[in-house]
Amino acid sequence: MKEGELVVVCPACPHLGRNLLQDWENAPPHVKWLYGLFLAIDANFRLCHRNKSSDEADPSLNSGWVYFVEQTRFKEVLDASSGQLQEKSSCAGHNAINLTDTKSVRRMAATGVGAIVCAMHNLTRPSAVSDLQKGER
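So the sequence shown is numbered by this note's numbering: it starts at 1 and just counts up by one.
Hints are computed from structural coordinates only; laboratory data are not their basis. All the given hints hold, so there is nothing to weed out.
Pairwise CB distance ranges, derived in the manner of DEER restraints: (1) Pro59 / Phe38: 27 to 37 Å; (2) Asp55 / Pro29: 43 to 53 Å; (3) Asn26 / Ala110: 37 to 47 Å; (4) Ser81 / Asp23: 34 to 44 Å; (5) Asp23 / Gly83: 46 to 56 Å; (6) Leu47 / Ser82: 17 to 27 Å; (7) Leu78 / Phe38: 24 to 34 Å.
With a Cα cut of at most 27 Å, we get these calculated DSS-like pairs of lysine-lysine: (8) Lys2 / Lys75; (9) Lys75 / Lys52; (10) Lys2 / Lys52.
The beta-carbon is built from N, C-alpha and C at its ideal position, and this holds for glycine as well.
All chains, full assembly: derive it from the sequences and hints.
As structure tokens, then:
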């Protein structure tokens, strides 16, 4: 099974071979925006998930087949970028970035969740939800 294969995709968003006209790429500039995919990123920085005892005792119900990303590759990417420091924000409305090092993360598997959704219809994209470690990382 492929990643994201079990997702119910947004039926109104443009999908090649499903709901796009044959010659959609040659649409006039004033209507070309109709064939665009509008995405949004949303996150919850207050959600906390404690570490589980083991994968054997508490197995995952899927391995990236639906909305959450496949964890093995995701953790490899996180490990590769673990030395990077998060740039502090000067915007008062983005305190989640500035408070990443002050939040207690002991015994936490995740300190939030982020998702990519269809901005027009709010349906979650395939394999587009992931846990956040230490704020926005």
